[in-house]
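*Asks:* Each chain, letter by letter, is given below.
2 protein chains.
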Amino acid sequence: MKTISVHTQNPYDVLVERGILQKCGEYIRPLTKAGKCAIITDDNVNALYADTVTASLEENGFSVVKFVFPHGEGSKNAQVLLEIYAFLCENEITRSDCLIALGGGVVGDITGFAAATFLRGMQYVQIPTTLLAQVDSSVGGKTAIDLPQGKNLVGAFKQPIVVLCDPDALSTLPEVFLADGMGEVIKYGMIRDAQLFDKLCGLDLCTVQTEFDEIIPACIAIKRDVVENDPFDHGERMILNFGHTLAHAIETYYHYETYTHGSAVAAGMCMMTEQTGTQEQYEKLCACCEAYKLPTSVEASLEELVPLCGGDKKRAGDKLRYVVCEPVGNAVIRTVTLQEFHDLFVK
Amino acid sequence: MKTISVHTQNPYDVLVERGILQKCGEYIRPLTKAGKCAIITDDNVNALYADTVTASLEENGFSVVKFVFPHGEGSKNAQVLLEIYAFLCENEITRSDCLIALGGGVVGDITGFAAATFLRGMQYVQIPTTLLAQVDSSVGGKTAIDLPQGKNLVGAFKQPIVVLCDPDALSTLPEVFLADGMGEVIKYGMIRDAQLFDKLCGLDLCTVQTEFDEIIPACIAIKRDVVENDPFDHGERMILNFGHTLAHAIETYYHYETYTHGSAVAAGMCMMTEQTGTQEQYEKLCACCEAYKLPTSVEASLEELVPLCGGDKKRAGDKLRYVVCEPVGNAVIRTVTLQEFHDLFVK
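Going down the list, the sequences are from chains A and B.
Heads up, the first sequence is in the working numbering, so the first residue is 207 and it goes up one at a time.
Heads up, the second sequence is in the working numbering, so the first residue is 207 and it goes up one at a time.
Same shape as in the complex, but just chain A (with noise of 0.2 Å):
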């Protein structure tokens, strides 16, 4: 087992092991004086994992209940949060009570986001199902739903009391789910890690697959490195959003649906590279993408996509900030006006 300890207000560790969903039960029951633990989950990961993740807890003297949503990106609103809500009303679920984010960053968000809120705060564990949930968003204490207006518009930052990671989970991920979260696990090799990134150029979607027990490690540790020294988002931890200023505006130029949040990651750290760094650099990371199948541009142009990207809460006036990795392993943040950002991209 691989065990990442995370130094924020509220100190966690993330448990990183095959098989630790059969035995989380017995990982969770010293850290709550809990009774009752309140799965939430989606139709898709109920399926595969729920009765599993029942088993272990009610073997470790915790009663379980259990809220299932459809899957989605769709279900990440106020409309399911008042479900969950109502749910955690009508099993009398207290603030020493547990829940459990059985699922994807979608399960993980929404459920974060009820611990932080119902009663002004309760403990939650992090199962993490999916590649990305695993070395993105189980971390670092983001929690949110997504508005009519845009998405993660709403949230809070809450730790979990642990957060339980089973790369034996991503067997049963479609390959479009894997090739996702590969997109955030190249960025953490272009962010941080040279070394983590030429592993990565000799390796594909498959053999990728053994390499887990050490990959998803080290990429759950350079997010740690970063939250840790910027626990509520002011500055450094902007490097994490390194190609995702492009990737939020082809998402919303496509309207989340074409590209996955890590093919719009992957497409973004591209296109961002092909304008701020070597030619040398910007063919090694296209190399890198496609192995993962990921895409390396997008049909929609820079003219259409620049204008989309001051609309995010990174934007802080009428500034806005992106990130450039020179070199590879080392990423730079940049501040500079809307129009400078335009002049950048668009000649």
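Each hint should be verified, as a subset may be incorrect.
You can't tell identical chains apart in this list, so a pair holds if it fits in one copy or across any two.
Straight-line distance between alpha carbons at most 25 Å, and here's what the computed BS3-like set of lysine-lysine pairs gives [stated by the list, open to error]: (1) Lys-229 <-> Lys-242; (2) Lys-242 <-> Lys-272; (3) Lys-242 <-> Lys-525; (4) Lys-525 <-> Lys-239; (5) Lys-242 <-> Lys-357; (6) Lys-239 <-> Lys-272; (7) Lys-405 <-> Lys-499; (8) Lys-553 <-> Lys-525.
Treat the hints as calculated values from the structure; they're not laboratory data.
On a predicted model such as this, the values are computed, not experimentally measured, just so you know.
Knowing the structure of chain A, use the given hints to seat chain B on it.
*Replies:* Relative to the frame of chain A, chain B by itself:
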């Protein structure tokens, strides 16, 4: 002007001054880099004070937008919260802008929760315009909305950047709201300040108003002392709930109609003291409450009320905590089983 400094994780000041509404912008300007202020208020307060506040904010260089919702506890719900979020999106409010909660406890609670969660947190200012909000809900960082299943079931701890209390604003309060606030004022005397309690015993609902310049800061300072010792409501802060265990039962029994919160607290304090205090204490407290047109008991019997006492957030498993004052000025927390609590009251 009286200043009460609150040393929570994000320290802030509560300023009490007659006429402070007219110059609120002067006090807010140095505390924020915000370009825009979004005033959130209800229709009653909007008609009385929104123009004054807007003028002062604009004089001090802020651009101002305003969202007005119907007054009353009925508005403290998810629907109005979502309308506030939509309003903030429409007006392109960013994380560096500032919300202004202008009104009573409902406005403060829902605006504070919006500030805690919109874009994962932004600055906000409390300008409480009721006695209850000035002495109670504007200090301590508790924010919340109600669910159909109960009051304040969803919320967050969020400190404002400053609280501006204008005792002059209380002159427009209907008598019933003044009495409402006096319930909490008497509570502060009971739990921490026998001298304040004695002073209140010598005044009434009319004469107390000239003493507000002293009494309001005294109450805020007591709450500040308690909250600083227990910012996340794990222990001592419970003493602020003197009278509230029964008050919540009274409010539930009467569906939050017959009694205001302060009236329910007054009755709750008297009923608790009748069971746990001396006869002299009980009579003195009743006389004090009557001077402020507050009830000392309710028609519902203890047999009917006590079973409703276990349902609130203060419950931890099957235990219940309640507060007694022995003697006046010295609140003590007791932890009992639900059965023991029942036996104390129902003989």
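*Asks:* Which of the stated hints cannot be reconciled with the structure, identified by number in ascending sequence?
*Replies:* Nothing - there is no hint that the structure violates, so all of them hold.
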